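Asker: Here is what each chain is made of, one letter per residue.
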Amino acid sequence: MNIFLDDAPALVVVLPLLLAAIVAFIPSPRLAWFITIVTLVIHVLLSIELLSSFSSFGAIIYEFGNWPPPWGISFKLDGVNIGLQILFSAFVLIATIYARKIFLSEIDPEDSGKAYSFWLLAIGSLNGIILTNDIFNLFVFLEISALSSISLISLGAGTNRKALLAAFNYLIIGAIGATFYVIGVGFAYAMTGTLNMNDLIIQLTQYSEGQLAIFAGMSFMLIGLMVKSAVFPLHLWLPPAYSYAPSAVSTLFAALATKAILIFFVRILYEVFSIYNDYLILFLDYILLPLSLVAIFVGTIIAIYQDDIKKLLAYSSIAQIGYITLAFSIKDNTGVLAGFVHIFNHALIKGGLFMAVGYLAIALKDRVTLQSIEGYGQKFPITSYALLICGLSLIGLPLTNGFISKLYIFQALYINEMFLTIALVALSSALAVIYFWKIVEKLFFSSKGYKATSEDPAIYIPIWIIAISLIYFGIFSSSIVEFSSIASESLIKGGIN
Amino acid sequence: MTNLLFFWNHFAFIILMVSGLFIIITSQNYIKKIVGLAIFQTSVFVFFVSLAKIIDGTAPILNSTNNVYSNPLPHVLILTAIVVGVATSALGLAIVLQIYKNYGSIEENEIKKEELKENN
Numbered sequence: 009m010n011i012f013l014d015d016a017p018a019l020v021v022v023l024p025l026l027l028a029a030i031v032a033f034i035p036s037p038r039l040a041w042f043i044t045i046v047t048l049v050i051h052v053l054l055s056i057e058l059l060s061s062f063s064s065f066g067a068i069i070y071e072f073g074n075w076p077p078p079w080g081i082s083f084k085l086d087g088v089n090i091g092l093q094i095l096f097s098a099f100v101l102i103a104t105i106y107a108r109k110i111f112l113s114e115i116d117p118e119d120s121g122k123a124y125s126f127w128l129l130a131i132g133s134l135n136g137i138i139l140t141n142d143i144f145n146l147f148v149f150l151e152i153s154a155l156s157s158i159s160l161i162s163l164g165a166g167t168n169r170k171a172l173l174a175a176f177n178y179l180i181i182g183a184i185g186a187t188f189y190v191i192g193v194g195f196a197y198a199m200t201g202t203l204n205m206n207d208l209i210i211q212l213t214q215y216s217e218g219q220l221a222i223f224a225g226m227s228f229m230l231i232g233l234m235v236k237s238a239v240f241p242l243h244l245w246l247p248p249a250y251s252y253a254p255s256a257v258s259t260l261f262a263a264l265a266t267k268a269i270l271i272f273f274v275r276i277l278y279e280v281f282s283i284y285n286d287y288l289i290l291f292l293d294y295i296l297l298p299l300s301l302v303a304i305f306v307g308t309i310i311a312i313y314q315d316d317i318k319k320l321l322a323y324s325s326i327a328q329i330g331y332i333t334l335a336f337s338i339k340d341n342t343g344v345l346a347g348f349v350h351i352f353n354h355a356l357i358k359g360g361l362f363m364a365v366g367y368l369a370i371a372l373k374d375r376v377t378l379q380s381i382e383g384y385g386q387k388f389p390i391t392s393y394a395l396l397i398c399g400l401s402l403i404g405l406p407l408t409n410g411f412i413s414k415l416y417i418f419q420a421l422y423i424n425e426m427f428l429t430i431a432l433v434a435l436s437s438a439l440a441v442i443y444f445w446k447i448v449e450k451l452f453f454s455s456k457g458y459k460a461t462s463e464d465p466a467i468y469i470p471i472w473i474i475a476i477s478l479i480y481f482g483i484f485s486s487s488i489v490e491f492s493s494i495a496s497e498s499l500i501k502g503g504i505n
Numbered sequence: 127m128t129n130l131l132f133f134w135n136h137f138a139f140i141i142l143m144v145s146g147l148f149i150i151i152t153s154q155n156y157i158k159k160i161v162g163l164a165i166f167q168t169s170v171f172v173f174f175v176s177l178a179k180i181i182d183g184t185a186p187i188l189n190s191t192n193n194v195y196s197n198p199l200p201h202v203l204i205l206t207a208i209v210v211g212v213a214t215s216a217l218g219l220a221i222v223l224q225i226y227k228n229y230g231s232i233e234e235n236e237i238k239k240e241e242l243k244e245n246n
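Residue numbers (this note's numbering), protein chains in the order written: chain A, 9 to 505; chain B, 127 to 246.
Next comes chain A alone, as it looks inside the complex (with noise of 0.2 Å):
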């Protein structure tokens, strides 16, 4: 058993992946669910092993093969990416539940095995993005990623034919993202001889030679990883592959794809690029910085003027990411934990409303836009209340997490003296109640007098273990504030652990 727990690092990963061929070929939805969320409750139960030895032995490198750095390939768990693996192992479990009624509706039963094979490997690849530490094999991973939800978002043409187009598209820019990745990991291992991130940090500090060489490949693949995570002006994928994929993969991906690149691409800022100190603070401010803010401006903007509510979510998505890359191009403690805060808090949030907007798509059997809810609070109440719940978290209301984001980032733009930036955070929130508020008036607001129907507690149970998990977190913020202050410190401190 012993041996068994020494491997969680990989298992956590591997196990996914070896059942995603598996599953594959059985063609009942239902043993194939259940081989799924058997295999995600022992996922749930290896984050928890490996959460265990974390906070006994601190951070772990696991070597595969036990072959040492820079030859082998090695994961690396420590503060920085402990708290999303909880977070992520959690959530998977949670979104598979909710997964199973809206699969059966919107996929062909014939092909629902292949299904959760994509989603077993989404989530494998996923993990491997959050834990590895070596940067050809986080290429290998994401691709792995891009291929598998590239074609469980084409599993959305059977209701709507444009997601086959959402689907094209997102293969042809995530396929030059992660091939300017590749011509970055090019250019480092030939200065350096190393594809270890640790390896390399000490490398890096070892010579001075042909650092320019260096910031070229760096560019690359920090510009590869904004593709992939959707930074703007990079995101324009995100929106119809968000909108036009089946209701289940959009929470998926909402919540946890773009958040799982984010976390690599601030390892490479702070830990790798932090050797170059005024290069990384010429790249925050005069390039992370604005663009964040133009993010959440643009984001938020278009999401008012949407009639599509997957789409508006989408787009309030790209605000959203400005948000959490506004805090980290704040290069001090503060300002990179209130980006972890809100990683954590935004999962949640997003993947949440993904959850009831996607159960109101199978209730519709059609696009939900904001004139088809018509009335809808009266109708599926539960549903209904739950989806308010995320959206005021959204907009970041007092005694929900979204408003500890809030209070995060106002106070580490406060610290730092950004008052500017403080004005236009505060606009873009009230914006943002302006694109909410739309869908509560529908929603609530409205004399068509439906009423109240039976509502599948398969699907409401879950979305109300995301609501309710907002306002416990809302409430009681410290266990999210810990995680975040563990991943800032360790992030902070570089990366020789």
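There could be a bad hint or two in this list.
Said to hold, decoys possible - The calculated lysine to aspartate or glutamate pairs, modelled on DMTMM-like cross-linking and capped at a C-alpha distance of 25 Å, are:
#	chain 1	residue 1	chain 2	residue 2
1	B	227	A	118
2	A	459	A	382
3	B	227	B	240
4	A	387	A	463
5	A	170	B	236
6	B	227	A	119
7	A	170	B	234
8	B	243	A	316
9	A	170	B	240
10	A	170	B	241
11	A	373	A	119
12	A	373	A	490
13	B	243	A	374
14	B	227	A	116
15	B	238	A	374
16	B	227	B	241
17	B	238	A	315
18	B	227	A	374
19	A	373	B	241
20	A	109	A	374
21	B	239	A	316
22	A	456	A	374
23	B	239	A	315
24	B	179	A	207
25	A	387	A	490
26	B	243	A	207
27	B	239	B	182
28	A	373	B	244
29	A	373	A	316
As the list claims (entries may be wrong) - Residues from chain B that keep clear of chain A, each with C-beta distances beyond 12 Å, as calculated:
#	residue
30	131
31	167
32	215
Since the hints were made in silico from the structure, they are not lab data.
Every value quoted in this text rests on a predicted model; they were computed, and no experiment measured them.
Don't be surprised by glycine CBs; every beta carbon is placed ideally from N, CA and C.
With chain A fixed as given, assemble chain B onto it according to the hints.
Answerer: Frame of chain A, contents of chain B only:
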């Protein structure tokens, strides 16, 4: 000048890469876009492998006569990247086939026109 010629592989890489990107951006046909993507990715593969070449270098086998060897790791990395590239192209072509079945065309401008008609 000799210095520039010595780095001819970099120029070949840049020309291939930019022409791949140009094809992706300018062509309306979805299959041509995938071809452009393949050229773009291949340019990076060629670049990696050419960086690993050392003049008079041999395979990395320890013997008494030859001490100069080429690093085999870039080739192995590119082998992985080629597999990924093939998978990307295959998936892309499969999606193009489905687009053709659903829209009756694989030209971007024709599909855009049809989408506009649908929205009005």
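Asker: Would you mind marking each hint as holding or not holding in the structure?
Answerer: Consistency of the hints with the structure:
1. B/227 x A/118: Answer holds: residue 227 of chain B to residue 118 of chain A is near 19 Å, not above 25 Å.
2. A/459 x A/382: holds (13 Å)
3. B/227 x B/240: At roughly 14 Å apart (the allowed maximum being 25 Å), residue 240 of chain B and residue 227 of chain B satisfy the hint.
4. A/387 x A/463: holds (9 Å)
5. A/170 x B/236: holds (14 Å)
6. B/227 x A/119: It holds: about 18 Å lies between the C-alpha atoms, which stays within 25 Å.
7. A/170 x B/234: Holds, at roughly 13 Å.
8. B/243 x A/316: holds (18 Å)
9. A/170 x B/240: holds (11 Å)
10. A/170 x B/241: Given that 25 Å is the threshold and the Cα spacing comes to 9 Å, the pair holds.
11. A/373 x A/119: Status holds; Cα separation ~19 Å.
12. A/373 x A/490: With a Cα-Cα distance of about 42 Å, the restraint between residue 373 of chain A and residue 490 of chain A is violated, given a limit of 25 Å.
13. B/243 x A/374: The given pair, whose Cα atoms are some 19 Å apart, holds under the 25 Å limit.
14. B/227 x A/116: Measuring from Cα to Cα gives roughly 17 Å; hence the hint holds.
15. B/238 x A/374: With Cα atoms ~22 Å apart, residue 238 of chain B and residue 374 of chain A stay inside 25 Å; holds.
16. B/227 x B/241: holds (15 Å)
17. B/238 x A/315: Roughly 20 Å between the alpha carbons, so the hint for residue 238 of chain B and residue 315 of chain A holds.
18. B/227 x A/374: holds (21 Å)
19. A/373 x B/241: holds (21 Å)
20. A/109 x A/374: At roughly 16 Å apart (the allowed maximum being 25 Å), residue 374 of chain A and residue 109 of chain A satisfy the hint.
21. B/239 x A/316: holds (20 Å)
22. A/456 x A/374: Roughly 19 Å between the alpha carbons, so the hint for residue 456 of chain A and residue 374 of chain A holds.
23. B/239 x A/315: holds (21 Å)
24. B/179 x A/207: Within the cut-off at roughly 23 Å; holds.
25. A/387 x A/490: violated (40 Å)
26. B/243 x A/207: violated (56 Å)
27. B/239 x B/182: violated (58 Å)
28. A/373 x B/244: holds (19 Å)
29. A/373 x A/316: holds (14 Å)
30. 131: The assertion about residue 131 of chain B holds, with a minimum of 19 Å to chain A.
31. 167: violated (5 Å)
32. 215: violated (9 Å)
When each numbered hint is compared with the structure, violations occur for hints 12, 25, 26, 27, 31 and 32.
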